[in-house]
Amino acid sequence: MAMSYSEKVMDHFQNPRNVGKMEDADGIGEVGNAKCGDIMKIYLKIKDDVIEDVKFNTFGCASAIATSSIATELIKGKPLKDALSLTNQAVVEALDGLPPVKIHCSVLAEEAIKAAIKDYYDKNGIAYEADLFKESGCEHCCHNG
Amino acid sequence: MKVYADNAATTTISQHALAEMIQYYGGEYENASSLHTQGQAAADALEDARARIAACLHCDARGIYFTSGGSESDNQALIAAAHLGAKKGKRHLISTKIEHHAVLHTLDRLTKEGFEVTLLDVSRDGMVTPEQVEAAIREDTALVSVMFANNEIGTIQPIKEIGQICREHKVLFHTDAVQAAGHVNIDVDDMCIDMLSASAHKFHGPKGTGLLYCKRGIYLEPLICGGAQERGKRAGTENLPAIMGMAAALEDACANMEAYTKRVSGLRDKIILSLSTVPRAFLNGDSVKRLPNNINMCFEGIEGESLLMMLDMYGISASSGSACTSGSLDPSHVLLAIGLPHEIAHGSLRITLSEYTTEEEADYIIEKVPVVVEKLREMSPVWERMMQPQEC
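As given, the protein sequences belong to chains A and B, one line each in that order.
My numbering puts the first residue of the first sequence at 1, with every later residue one more than the last.
My numbering puts the first residue of the second sequence at 1, with every later residue one more than the last.
It is possible that part of the hints are untrue.
Partial pick of chain A residues on the chain B-facing surface, computed with a CB cut under 10 Å [stated by the list, open to error]: (1) Tyr5; (2) Ser6; (3) Glu7; (4) Met10; (5) Gly20; (6) Glu30; (7) Asn33; (8) Ile39; (9) Phe56; (10) Asn57; (11) Phe59; (12) Gly60; (13) Ala62.
These are calculated hints, taken from the structure and not from any lab test.
Note that beta-carbon positions come from the ideal geometry of N, C-alpha and C, so glycine has one too.
Working from the sequences, and respecting the hints, build out all of it.
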């Protein structure tokens, strides 16, 4: 393919980890929109502030699927505070890089995880600082990368 | 299994065209502008190629100018026709929303020069009607440019009817026939075509070579200035080997057209019929007035680039109108023009066959596409939502 993806991206696209849905999720986060061409949905199972299990569903290009896959690997079994501090840059690095036009996919992955944790906090009445989860519109995620 | 199904992007060169080229690269390398005997032999070969190509397109050989390809031909046709019109105070140009960017971006440039452009809408099948063209023609219309057949969805326009209307109204008519030449019958004179663009690599000729037909009597402004090649309309030493390859390829394509049309459109329809049984899948473009080798379908709930990449893993090379494949924000302008919403246009797949496509390859496409669609839908939250029962 013309798109120059790393071997790591191709591996995660071809063999996505943690793909699927979760019936009894403690937190669910969905970001992106179909109009832009990417939607990521992350399901979390949380126990004692640790992410016990994670699943994802993604509509999008190969790099959207690969970033979802690797992001779930990076947070599985980790404390929530680690997952909250996961940056899109860390996702890109874990994939050995992404083409510039695909950087937005890593932003989506970071946001999907945060949205799922926020959902968990909201459902359980756990207090958090308001600026922990900044709303970001479609503008920066849509192929501006 | 390796299946090349992206023939609208480019085709493999035919052995006949390649042999012609090698002959003119290796042995007969002379410059057609030289006065010595060998140079004159090259000039004779060039004129022979021109005559053979003219016979394929049913036009006057003196109207054929060799160029670097479809984009250059489109640029020159539009710019020359616009400037010619401007001399008579005509500064209005008509085209369609589904043209190739070689046309659309040239029109953008002409707009900046002060020309007014009307881009006609197309139907759900990507069709423009002669009535639409007639209604858009004004006193100051300098040019109508409508593509012969669309490169994405394969729809073939009513070129003859549009040509007749343009002639009645004394408006120049250009058609971008890059996807049509060598694939469907073109009769320049009968179809009232004043200008036509074609490109060799779309019909098993070499890349970097094409032609512009411009009817005699229409002043063709050169884009490239220099020597007197191509009767002063296109400077630069002619790429004789490539031109000889193009002539051979076009002749073969036209000679085999009946058999090609029958066999390849048969494979096309077999694939369309089979893939149409995939749930929430549909064909884009006209099902009948369609290039023999073009299949363009949308599969709802998935995104085209991942579809392509996964087909690539199975050895199938295809194309998509998804934004992700173009690196831009929007999906294909053609799919949007036929009325598809963004989210569905993202899930398009273009499969384009050639005379070399085999029955086995078609069967392999039929086998693998549904598998890949299913796999991607399984992990798609959009598909999940589509499959949920609708609340009343």
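Classify the hint on Asn33 of chain A as holds or violated, based on whether any CB of chain B lies nearer than 10 Å to its CB. holds, 8 Å
Do the numbers back the hint for Ile39 of chain A, that is, is its least Cβ distance to chain B under 10 Å? holds, 5 Å
When the nearest CB of chain B is found for Tyr5 of chain A, is that gap smaller than 10 Å? holds, 8 Å
With a cut-off of 10 Å, does the beta carbon of Ser6 of chain A approach a beta carbon of chain B closely enough for the hint to hold? Constraint on Ser6 of chain A not satisfied, violated at 13 Å.
Per-residue hint verdict: Glu30 of chain A, partner chain B, C-beta under 10 Å: Since the shortest Cβ distance to chain B is 6 Å, the answer is holds.
Is the interface hint satisfied for Gly20 of chain A? The criterion is a beta-carbon contact with chain B at less than 10 Å. Holds. Min distance 8 Å.
Min Cβ distance, Glu7 of chain A to chain B: is it shorter than 10 Å? With a closest approach of 13 Å, the Glu7 of chain A hint is violated.
Under 10 Å, Cβ to Cβ, is where Gly60 of chain A needs to be relative to chain B, so tell me if that hint holds or is violated. Hint holds; Gly60 of chain A Cβ to chain B Cβ min 5 Å, cut 10 Å.
Would the hint on Phe59 of chain A be counted as holding, given a Cβ-Cβ threshold of 10 Å to chain B? holds, 4 Å
Supplied contact hint for Met10 of chain A, tested at 10 Å Cβ to chain B: Holds - the Cβ of Met10 of chain A comes within 10 Å of chain B, reaching about 8 Å at its closest.
Restraint check, 10 Å cut-off on beta carbons, for Phe56 of chain A near chain B: holds, 8 Å
Hint status (Cβ of Ala62 of chain A to nearest Cβ of chain B, threshold 10 Å): holds, 4 Å
Violated hints, listed in ascending order, are 2, 3; each of the other numbered hints is respected by the structure.
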